[in-house]
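Chains as they are written, first to last, in this note's numbering: chain C, -13 to 220; chain B, 1204 to 1306.
Do not take every clue at face value.
[As the list claims (entries may be wrong)] Derived list of chain C stretches under chain B, where covered just means 3 residues or more per stretch with a C-beta under 8 Å from a C-beta of chain B:
#1 10 to 24
#2 32 to 41
#3 82 to 95
#4 191 to 201
#5 208 to 216
To be clear, the hints were calculated from the coordinates, so they are not data collected in a lab.
Backbone N, C-alpha and C define an ideal beta-carbon position, used for all residues, glycine too.
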Amino acid sequence: MKINFKFKIFILGLKDVIPLLIPVVPFGIIFGVIGIESGLGSTVTFLMSIIIFAGSSQLAFAQLFTGGATTPVIVSSVAIVNSRHFLYSAVIAQYLTKVKLFWKIVLSYFLTDQAFIVSQKYFKQQPKNKDRHYHLLGSGFTLWFVWQLSTVAGIILGEVIPKELNLAFAVPLTFISLIIVDIKKIDHLIVAITSGVFAIIFFNLPLRTYIIVAAAAGILVAYGLSHSKLHKKK
Amino acid sequence: MIWTALIFAGLVTFFTRFSMIALLKKDYFSPRVKIVLGYVPSAVFPAIIFPAVFLNSTGQLVFLDNPKVLAALVAVLVGYLTESVIATIISGLAVLWLLIFFI
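Excised from the complex, chain C in its bound form:
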């Protein structure tokens, strides 16, 4: 009966994450296509979805790789893009204090934006449930599986889609779609424009380091803006 209960929680996680998969499928397909178009090859494109398993980082990787960026620049850009995970990890940590290290490692691997959103909500509602971490396994694994399938679909499409369609343009469009809700707020818009303008000005820096400079400029402006936000809250 105990196993049955755990399985039910796993299935609940699976069901809860399904609505959030709708944008994940085209995103995965776009990544697969871009991977092929940027010359990563089908093996690297496929393995990247397993090894990195983070959509925006993977797209940034492909974009920078085509632009001729070196390993340190690619890896630090991926680190900056992923820094939001620190927050997810901090929120989820309080619910995983009692599980074994093995579980912590597995569940960390599955801690994506979508899995975080639905499982964190479930954890909050289940303060006494010892098997609640199965929910994150369910949501995380479902997302993982769909991400791999969409990547493969994209790889297959990428091999047949003609280059004239300029599908590489889907990269900036995808990133626009990821920040469009945020930049409705004036403070986010200021940060975004700062970063974009710095990227253009410093585009010819060696080793494609413009992305680091632009992100640093944006974060610095954000740090300045956070001062007024912090005081407004009090």
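Add chain B to chain C, keeping to what the hints say.
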């Protein structure tokens, strides 16, 4: 070289996710750091968006006579109104194709 980048990018991604779960800290970050982390997407993604839209293949800034600028503007407008990821991407691609192939 690509394999080194791939492995390290994978490790970095995993450790950002594992970080606080491993340390068991729930309130590790000051409120100010939390606010700044919320700005990260707005601070990073435009650094990829702007060059891909405004620069041509040789790295020259092109505003006019650049179909990508108009396509991106339409995508921003559609995204602003619909808040839909799919509508944003498709509208941008559709305008780009329209400009390239029919005009």
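Results for each hint:
With 3 residues carrying a beta carbon less than 8 Å from a beta carbon of chain B, the region 10 to 24 of chain C meets the three-residue requirement, and the given coverage holds. Residues of the region 32 to 41 of chain C lying with their CB closer than 8 Å to a CB of chain B number 6, which satisfies the three-residue condition for coverage. Check on the region 82 to 95 of chain C: 7 of its residues sit with their Cβ under 8 Å from a Cβ of chain B, so the three-residue criterion for coverage holds. Note: the region 191 to 201 of chain C has 4 residues with beta-carbon separation from chain B under 8 Å; the three-residue rule is met and the coverage holds.
Look at the region 208 to 216 of chain C against chain B: 7 of its residues bring a Cβ nearer than 8 Å to a Cβ of that chain, three or more, so the hint holds.
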